[in-house]
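Undergrad: The residues making up each chain are set out below.
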Amino acid sequence: MTGGFFPPTRASVVDALRSGDAAERERALETLVAAYWRPVYRHVRRKWGKGHEEAADLTQDFFAELLSRHLLARFDPGKARLRTYLRLCVDGLAANAAKAASRQKRGGGAAPLSLDFEGAREELERAAPAADETPERAFEREWVRSVLALALERLPSALEGRGKGIAFALFELCELGAEAEVPSYAELAARFGVSVSDVTNGLSLARRELRRIVLDLLRELTGSEEELRLEARAVLGIDAP
Amino acid sequence: MTALPDAALSRLVRALRTPDLSETRYLLGREVGRGGMGSVWEADDPELGRSVALKVLDLPDSAGDLSARLRREARVLARLEHPGVVPVHDVGTLPDGRPWYAMKLVRGERLDAAAARLSTLPERLRLFLRVCEPVAFAHARGVVHRDLKPSNVMVGPFGEVLVLDWGIARLLEEEASEGRPGPPAAPPTEPREPRAAAAPGTAAGTVLGTPGYMAPEQARGDGDVDGRADVFALGVLLRELAGPEALRARRLAAIVAKATAERPAERYGGAPALAADVVRYLDGEPVTAYRERPWERAARFAVRHRVALLLVLAYLAARAAILVLYRR
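Protein chains in written order, with this note's numbering: chain C, 1 to 241; chain G, 1001 to 1328.
Simulated from the structure, these hints should not be mistaken for laboratory data.
As the structure is a computational prediction, the values presented were derived from the model and not from experiment.
Each residue gets a CB set at the ideal place from its N, CA and C atoms; glycine is no exception.
Keep in mind that a hint or two might mislead.
Unchecked claim - The calculated label-pair distances, taken between Cβ atoms and stated as ranges, are: (1) Arg1030/G / Ser184/C: 14 to 24 Å; (2) Gly92/C / Ala1113/G: 44 to 54 Å; (3) Lys1104/G / Glu187/C: 20 to 30 Å; (4) Gly92/C / Lys1104/G: 52 to 62 Å; (5) Asp76/C / Val1279/G: 50 to 60 Å.
Said to hold, decoys possible - No farther apart than 20 Å at their CA atoms in a straight line, the calculated lysine to aspartate or glutamate pairs in the DMTMM-like style are these: (6) Lys164/C / Glu175/C; (7) Lys164/C / Glu1292/G; (8) Lys47/C / Asp15/C; (9) Lys164/C / Glu1240/G; (10) Lys1104/G / Glu1123/G; (11) Lys1258/G / Glu1292/G; (12) Lys164/C / Asp1096/G; (13) Lys164/C / Glu181/C; (14) Lys47/C / Asp57/C.
To be verified - If you want the ones that stay clear, here's a sample from chain C, every Cβ over 12 Å from chain G, calculated: (15) Asp57; (16) Ala64; (17) Leu66; (18) Ser68; (19) Lys79; (20) Leu124; (21) Asp132; (22) Pro135; (23) Ser157; (24) Ile166; (25) Ser184; (26) Phe192.
Bound-form chain G, shown alone (with noise of 0.2 Å):
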């Protein structure tokens, strides 16, 4: 057995890796990511006279569980049907047994990339508010992302946001169907005790997820984790989208907090409630996540209403400059 040339060594891996696509409609293109799972690569698809992305699977499943999470995780596409959430166009396997799905092919550029590119506040925390749109639709259909983090989301050249990578996401519905304990997506206002549910496909104390964006109890490996713990990535999205400076401002700093909250029961109920609270940011009204004291409203009031209230002061000011001349 004779040693292969490194250069030999990278083409054999190459060929090795390179999904054979004879049996399916598609010609293969470049590899654009890769996964945890698996890689994802461009694809054209002649009939339809399109580019798809198609994501492979790295390894053959012969158990089926591979092909049941990678079928699971188009099925969670599919019941997505958003702007927000890139949709699945096919399934299947191929000859040498590792599963593959087809889906649109997003171009843009990931969130932080685009984000770096927005000079000021309120158009980085617009651009958050779209990445929670989808988040929160994903939410009202009993489905959770669970990995929510900047190479995640894509901006295309228009603006739009798009949520990738569901595979690790968790149907709250089905669960329940299949009689696991599954809790809404959007918790109830009252703290629940934990329970021990799993998610097909990941058992209970298996932990999936990114360090970094991930809450505290899906890092322990909790089963039962909920919409609250996209709430805690959509946070660290928000803390980095508005920036160390920003953060200064006590309002804000407290809804990242507060998104952030190491209980999921002191965070927010769901994206939507995070969103409105930014809204109300943006809009210089007051915030739930932060209690103003009278000087702050104040001030805020002030900041808010500048305009009328400068008009008021001059009027106030021509008018007092009218009576002490008239007095003289």
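The following block holds chain C by itself, in its conformation from the complex (with noise of 0.2 Å):
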């Protein structure tokens, strides 16, 4: 497939984590380790019924194998998604209890990442399991939820950029607060000293820099522009059942 849904930005991780820039190797892991690490922890607690310390301990092993045994470098698009390949690396790692035994030896001493798994440990023992849904569309769901908060944590400052500070004050309130307590926009106005018009026009903006930010996302977590394709479509829930 040619062309593109929008201007290249950053460059996928995929070839990012090979470039010969540290501070884009960086970026890229960074990238990475915030999409993922929450999927690949509670898919390991759940898939492979690992407690808290030894899901937390494969994670982190995760990420260190990753580098260490260079795995993206096999990863081919024209045959799974990254998101598929990924679940699997993990998959692998944790039917092999020989290998969990030596995970020191073989993250080759990596520095753990900064990760909040106590966090993530009482989000998922509050969170109750839907009782037909498989691994994988778990793993996808915990997935679509990490890129989203990670295009959320670009959108104040994205918006700032662009002079509309406000636009994301009012998002916030309208799209991410309880739904019982929206206040209306005339409300919104009144709040922010504007008029409804701009409120209008602000939570549009917002939209549409998040939605931006989220197709740049996954420009940068996919290997080809048929794999954005399929995961823009996941994320926004078009192919969900």
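Using the supplied hints, reconstruct the complex from the two chains, each of which is provided in its own coordinate frame.
TA: Shown next as structure tokens:
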């Protein structure tokens, strides 16, 4: 497939992790970890029945191994989505108890990533698992959650950069608060001292910007245009059952 | 970074999917359908005081490939002015780069749901004939639909049939004018050698369509499909509308078999020929798909003219009775 949906911004993490530029490699790893560590942790807990400590260790091992064994170099976007490939890598790691026993050696002594496993544990234990959800579907749902959370993190600075800081505040109140407490546009206009049309314009801008960031992020997290299209459909709920 | 709760996640996804119509004259309503390329939303057009269906692509399209395809679909629809084809009103691009077009909002039910409420075979066959009409019209205008299936055929409250989703339709004349070898939608009687032509937006080798309704040549990704690919899909629809009981009738089964033949050359040349055979079947006349044995012809003749035949037989019986009584 040729062409693209939007102008290229950052390179795919698959390419960036092979880059000679250390800053680019570090940024790619940061994005990859942010998008995947929670899905990986939850997958290991739920599919493999591991306890909190072991799942947290395996999650750390997974990212260490990804780098030390250059697992992404073997990824072929023509054969599978990156998300599927990484999940299968996690399964391989979790299935091999002997490897788990020697993980310190395998990780090459890499410094552990600073990840909030305690928070993830609480979230996991609070959430009731869906009765008939497959591990693959659960992994996808967690991944979508991480991608959107990551995009939301980038949204305020993107809007500030365009001089539209108020748009994020409006978006937060309308889309991220409790649904029952969403104020009317007139209330928002009065609260921020702007017109109702400024409120609707601000909200439109924030949604548009978030959509752009999500697609930008997905470009980083995929290896081809076709994979990007498929993952965008997954994140935007278009292929949801 | 904290994880988003399920409720927030659903709302966020909904907010991201919802088209921003602030720069159009339309007011957004509910989502009414989803397809391979995008979703369809109900919307109000306050200027003209009518409801429309808005088809919006899922993703922005800076390269223009998808926009071109959507605009092409709108052009296909614009050239098909027929009561069985949904008209397009408007085309545009959302502020986030997603292309859209507005078309007539169709209210009704899917073909299979509508057929399920028809109790007799002739009623279901007449419904099928109404599906053939817009397809035949499209073929005459050089357009092959390529994705005929129950979900793409709507039946309105007055029994009117509308064929939807011409997104992967093939414009044969356009290909010819672009210098591509474009065969006519209704093929010549003699089989042709396959040619590697590609429809705009669909390269040869790309499989577009729906398994189960797709003609074998289309499923193989042959670029060179013509109206006989639609004949195949119509044959599948006919088989489903008729039902297994009705297909015990050899003549009807033969019509379905001919429409869904593996090789395009063995199928009907186009939708009109298929429809004509179904009409003949309904009228009790010989169908082109089946060569009758003499006794079958006699049986069909007897069924078709049963009233006249009964009158003749009654007359002959009366004459015979009078003759017998007279001789005594």
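Undergrad: Could you run down the list of hints and mark each one as holding or not?
TA: Each hint, compared with the structure:
A hinted range of 14 to 24 Å holds for the C-beta pair Arg1030/G and Ser184/C, which are about 21 Å apart. Look at Gly92/C against Ala1113/G: about 47 Å separates their beta carbons, and that is inside 44 to 54 Å. Our hint of 20 to 30 Å for Lys1104/G and Glu187/C is violated, since their Cβ atoms are close to 38 Å apart. In this structure, Gly92/C and Lys1104/G meet the distance hint of 52 to 62 Å, their C-beta atoms being roughly 53 Å apart.
At roughly 54 Å, the beta-carbon separation of Asp76/C and Val1279/G lies within the given 50 to 60 Å, and the hint holds. As the CA atoms of Lys164/C and Glu175/C are separated by approximately 17 Å, the hinted pair is consistent with the 20 Å bound. With a C-alpha separation of about 78 Å, the suggested pair Lys164/C and Glu1292/G falls outside the 20 Å cut-off, and the hint is violated. At most 20 Å may separate the alpha-carbon atoms for a hinted pair to count; Lys47/C and Asp15/C exceed this at roughly 30 Å.
Our distance criterion of 20 Å between C-alpha atoms is broken by Lys164/C and Glu1240/G, whose separation comes to about 56 Å. The straight-line distance between the Cα atoms of Lys1104/G and Glu1123/G is roughly 27 Å, outside the 20 Å bound, and the hint therefore fails. A hinted pair counts as satisfied when its Cα atoms are at most 20 Å apart, and Lys1258/G with Glu1292/G qualifies at roughly 15 Å. Between Lys164/C and Asp1096/G the alpha-carbon distance is near 17 Å, which keeps this suggested pair within the 20 Å criterion.
Between the alpha carbons of Lys164/C and Glu181/C the distance comes to roughly 24 Å, so the proposed pair goes past 20 Å and is violated. Distance check on the hinted pair: Lys47/C and Asp57/C sit about 16 Å apart at the alpha-carbon level, within 20 Å; holds. Asp57/C, annotated as away from the interface, keeps every beta carbon of chain G farther than 12 Å; the closest lies near 20 Å. Even its closest Cβ contact with chain G, about 20 Å, leaves Ala64/C beyond 12 Å, as expected for a residue assigned away from the interface.
Leu66/C, annotated as away from the interface, keeps every beta carbon of chain G farther than 12 Å; the closest lies near 19 Å. Distance check for Ser68/C against chain G: the nearest CB is about 25 Å away, which clears 12 Å, and the non-interface claim stands. Residue placement check: Lys79/C keeps its beta carbon more than 12 Å from all beta carbons of chain G (closest about 18 Å). For Leu124/C, the non-interface assignment is contradicted: its Cβ lies about 9 Å from the closest Cβ of chain G, within the 12 Å cut-off.
Its beta-carbon lying about 16 Å from the closest one in chain G, Asp132/C satisfies the requirement of being farther than 12 Å from that chain. Non-interface status of Pro135/C relative to chain G is upheld: no Cβ of that chain comes within 12 Å, the nearest being about 18 Å off. With a least beta-carbon separation of about 14 Å from chain G, Ser157/C lies farther than 12 Å from that chain, consistent with its non-interface assignment. Non-interface status of Ile166/C relative to chain G is upheld: no Cβ of that chain comes within 12 Å, the nearest being about 17 Å off.
Here Ser184/C stays apart from chain G, with its beta-carbon at least about 17 Å from theirs, past the 12 Å limit. For Phe192/C, the condition that its CB be more than 12 Å from all CB atoms of chain G holds, with the nearest at approximately 18 Å.
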